[in-house]
Amino acid sequence: MIDINITTRAPPVHEYVLGFVPPEVSPYVHLMNAFLLVLIYIFGVVENGIILAIFAKNKNLRSATNTFIIAMALGDFSLCFFGIPLSSTSSMAGRWIWGDIGCMIEGFIVYFIGMANMYILMAVSLDRYLVISRPLMGSKITVKIAILAVIACVAGGLFWTVVPFFGWSRYTPEGVGTTCSVTWMDKDVATTSYNISIFIFCYLVPVGTMVVAYYKLLETVRNVAKNTVWDMNSRMARKNLRIERKMAKSFMIIVGRIEIKLPSLKPLLYTCFYFFGREIKSGKLLVSYPDQTTEHNLLN
Numbered sequence: 150m151i152d153i154n155i156t157t158r159a160p161p162v163h164e165y166v167l168g169f170v171p172p173e174v175s176p177y178v179h180l181m182n183a184f185l186l187v188l189i190y191i192f193g194v195v196e197n198g199i200i201l202a203i204f205a206k207n208k209n210l211r212s213a214t215n216t217f218i219i220a221m222a223l224g225d226f227s228l229c230f231f232g233i234p235l236s237s238t239s240s241m242a243g244r245w246i247w248g249d250i251g252c253m254i255e256g257f258i259v260y261f262i263g264m265a266n267m268y269i270l271m272a273v274s275l276d277r278y279l280v281i282s283r284p285l286m287g288s289k290i291t292v293k294i295a296i297l298a299v300i301a302c303v304a305g306g307l308f309w310t311v312v313p314f315f316g317w318s319r320y321t322p323e324g325v326g327t328t329c330s331v332t333w334m335d336k337d338v339a340t341t342s343y344n345i346s347i348f349i350f351c352y353l354v355p356v357g358t359m360v361v362a363y364y365k366l367l368e369t370v371r372n373v374a375k376n377t378v379w380d381m382n383s384r385m386a387r388k389n390l391r392i393e394r395k396m397a398k399s400f401m402i403i404v405g406r407i408e409i410k411l412p413s414l415k416p417l418l419y420t421c422f423y424f425f426g427r428e429i430k431s432g433k434l435l436v437s438y439p440d441q442t443t444e445h446n447l448l449n
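According to the numbering used here, the sequence shown is numbered sequentially starting from 150.
Since the hints were made in silico from the structure, they are not lab data.
Just so we're clear, the structure is a prediction, and the values are computed from it rather than from any experiment.
Fair warning: there could be bad hints in the mix.
[Unchecked claim] List of simulated lysine-lysine pairs, DSSO-like, C-alpha gap at most 27 Å:
{"no.": "1", "residue 1": "K206", "residue 2": "K293"}
{"no.": "2", "residue 1": "K336", "residue 2": "K289"}
{"no.": "3", "residue 1": "K293", "residue 2": "K208"}
{"no.": "4", "residue 1": "K206", "residue 2": "K336"}
{"no.": "5", "residue 1": "K365", "residue 2": "K289"}
{"no.": "6", "residue 1": "K208", "residue 2": "K289"}
[Claimed, not checked] Here are the computed distance ranges between Cβ atoms for each label pair:
{"no.": "7", "residue 1": "E173", "residue 2": "F231", "range": "29 to 37 Å"}
{"no.": "8", "residue 1": "R211", "residue 2": "V361", "range": "25 to 33 Å"}
{"no.": "9", "residue 1": "N207", "residue 2": "D337", "range": "46 to 54 Å"}
{"no.": "10", "residue 1": "I300", "residue 2": "G357", "range": "20 to 28 Å"}
{"no.": "11", "residue 1": "A205", "residue 2": "I300", "range": "18 to 26 Å"}
Just so it is clear, CB atoms sit at the ideal spot from N, CA and C, and this is done for glycine as well.
Could you put together the complete structure from these sequences and hints?
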């Protein structure tokens, strides 16, 4: 009697996922990522879907400022709906299961929306600054101009996420191998120059603009308060205090949205270590958490 033992084994990951070899990790890491992604998918689709439905039904809410909010909500909805299923199912399987093309698509979706939203956040700060600090100029910001600004932000994000397809960096699995992004492990000139470029133009420039805009905005409100005489219990004083608190809250929300987009800067993290001549032995584990989790935003 011949005993035939047939063992079914999935092909090695590095054979079909852009040359990436994932680290050995506990299955519980993948299960935790999958659980988080499913939660983000549910809340992200429902929450942003409700926001979009509200703006669709109420035309009076379609102001210039709300145009930016609609754009970010649409981006977050698209990210949850199209990006998360690929990485969540891969996390459930414990490996990337969608091949090279799927990896590039997932990486592009996540990275593109993250970059576009960063530029939109910058546009929001400029909008608030002009409306409050430069009312004559702010009054010229119509819905049409806001839409053009959103298109420009999307075009900027599209540029930085398309060039990897043409050789300036590339998309590859990252972390534990169940999510994809631009490569941050390679040390070649193309990858290093790309990582430095996105750090400057996709982080330093937007964040610097936001910091200056909100600082000037707060300065304007405080100058108005100093140049106006009223009792601290007066209606105007209370209104001014509410404005300052609202601005502080808005700034904290903006900072929060910036912080949760930090995974987009993981390529630069490795590049910095590279310049200092250090290897990140646990680098893949440091980015084992899913990018989509950090890309999900609460729009209040």
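Those earlier numbered hints the structure runs against, lowest number first: 2, 4
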